[in-house]
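Throw the hints in and build the complete structure from the sequences for me.
The primary structure of each chain is shown beneath.
Protein chains: 2
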Amino acid sequence: MATLKQVAAHADVSVQTVSNALNAPHRLRPDTLERVTRSIELLNYRPNRNARSLRTSAVELIGYCVPSWHGGQAHLVMDQFLHALCAAAETTGRHILLFTAPAGADGMSVYDDLHARRLVDGFVLSQTETHDPRHGWLKDQRIPFVSFGRVWKESTQPGPYVDVDGAGGCAMATRHLYDGGRRRIGFLGWPRSSGLAEDRLAGWRDACVELGLPVDGLAVHCVEDTFDEGARGAASLLDAPEPVDAIVALSDVLALGALRELNRRGLAAGTEVALTGFDDSPLASVVSPALTTLRQPIDLIANELIDILTGPDLSEEPVERLLQPELIVRGSSAPG
Amino acid sequence: MATLKQVAAHADVSVQTVSNALNAPHRLRPDTLERVTRSIELLNYRPNRNARSLRTSAVELIGYCVPSWHGGQAHLVMDQFLHALCAAAETTGRHILLFTAPAGADGMSVYDDLHARRLVDGFVLSQTETHDPRHGWLKDQRIPFVSFGRVWKESTQPGPYVDVDGAGGCAMATRHLYDGGRRRIGFLGWPRSSGLAEDRLAGWRDACVELGLPVDGLAVHCVEDTFDEGARGAASLLDAPEPVDAIVALSDVLALGALRELNRRGLAAGTEVALTGFDDSPLASVVSPALTTLRQPIDLIANELIDILTGPDLSEEPVERLLQPELIVRGSSAPG
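Chains as they are written, first to last, in my numbering: chain A, 1 to 336; chain B, 1 to 336.
Because the hints were derived from the structure by calculation, they are not lab data.
Hints are not guaranteed to be accurate.
Same chains, same names: a pair is fine if it fits in one copy or spans any two.
Quick list of in silico lysine to aspartate or glutamate cross-link-like pairs, EDC-like style, CA-CA up to 16 Å [stated by the list, open to error]:
| hint | residue 1 | residue 2 |
| --- | --- | --- |
| 1 | 5 | 140 |
| 2 | 153 | 199 |
| 3 | 153 | 129 |
| 4 | 5 | 113 |
| 5 | 5 | 112 |
Bear in mind that the values here come from a model prediction, so they are computed numbers and not experimental data.
Below, the structure is given as structure tokens:
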């Protein structure tokens, strides 16, 4: 297929003139317009999805801060998320501008600068933190944004968000373990300061209570999301006077740490102790047994984010979309 | 909102001087800079992206095509790479524009459009394929680019690249296993059509020959980079009349598939059969035993890429930089 550039060369005009012929024909002299139109027809050029945005010569760029990576804490589904976000943006003629920024309030000057210089027209936030300062700041500045993830511990959300129902997911995992005959189900979480962790903890707890299962002393707050902490947390659940027969972990990382601990003790994961994670990261299917986990609907999340950010109703009541994860059952909870 | 022209009139300087005040303040005399800055503040001027064209030192965007993700084939260190690439670009005042494109020649119209519309000023390529059509095309179009990874099976490289010495890395792993007492070392690779695989295979083979170790029948060409293929390949090396006592895998994914197979057979990885991977992905440290692997120097790679792309010598002899990976020794090859 011909490109915009080839059409421009064929008609002996600039790329911008071809763009104008497509989007603002009144700006061209009739003979120029006719020449360009003929070239478009001869070369069978079909403006692609991006050409729309040439109209105002301001393709809109959407800023996304790429999270920094620390040894123990990998963003295991970030590549899937970024591809999905890019693809969703491109269906609207937009692109993603990646940048780095310090965490928290220290990073706001980077967001401010990118927007003030009109390098980006809005932001997709992720890696949302408790009392995340970015959302309120962007709202105050009237800079368009949408968040993948809620801002925890706020009574009302400071803007539109898309999130995955972590509580619902952990309740789903708990009920699945119960259906498999488990009656003493522990929970591996993060510190109480994490709203995300408290949400998933509540999903496990509510499901246990509803099913008549014990919860006292069965929730471990791991210090951080590492394999070592998952192993340590699992050890404490297994060393208790009444050991657990199943573990719901709030992340694949913690679950795989727990799996390491089970292997170390010679306990058969899936038969002696059942185990579930959260994320369906690439890790989940490599380990033995493979990990039962909750899969986030990444494509749907990306589409919703772009839909909200580029939609007409950003100034209206904030849009809040809570999507259900899917339980992917594997050997760690269903042997055989 | 004030325009650049209004600011220039207010400060009694040229439009170019205002642009310099914003983008290259060191070029201005201090009193001029102060006067322009005051006008910018008084008029509450916010430079927009249209001003880019007025600048000589415009913010440059660098295009990077985000690879698509397929179930079995995760890009395990892509998040690290993207963060490093962004950070490196930002030290030069540039940003990364992410986009998606079909693989191979079908994607070239996307690259062409992005450049023709001046959305990006150059590209960083990765996920380089054998006979990758992008490099030659970009070179012909005189569009600046640099490649993370060589274009295999070409007699000369069609442009500048940074790559990691896969042959050197696999030779390093082989010598490490030899030093640990292993004398029958197998290799898990990819199909012969992959230049990268042939390179790493050669590193293993040359090291074995140099050390006086057998190679015949000890190289398995896995069909794809999946855990299942790694397990299948390891099984064939273990089922041979003379089974291997060690395996060099050309990727962490294959190595972890092999590890799963060892676990399944009750063979102690690290003691009975030693094992190495390639990438030091997040996977490598979660499994039990943890995986000995070759770590790519991601930050250095990113810095070199940006350095080459933004350097003055793109039109000169292509720059070729081959970096050594680091052997990270863990329990899969050195128990205890």
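Problem - Numbered hints the structure breaks, given as an ascending list - result: none
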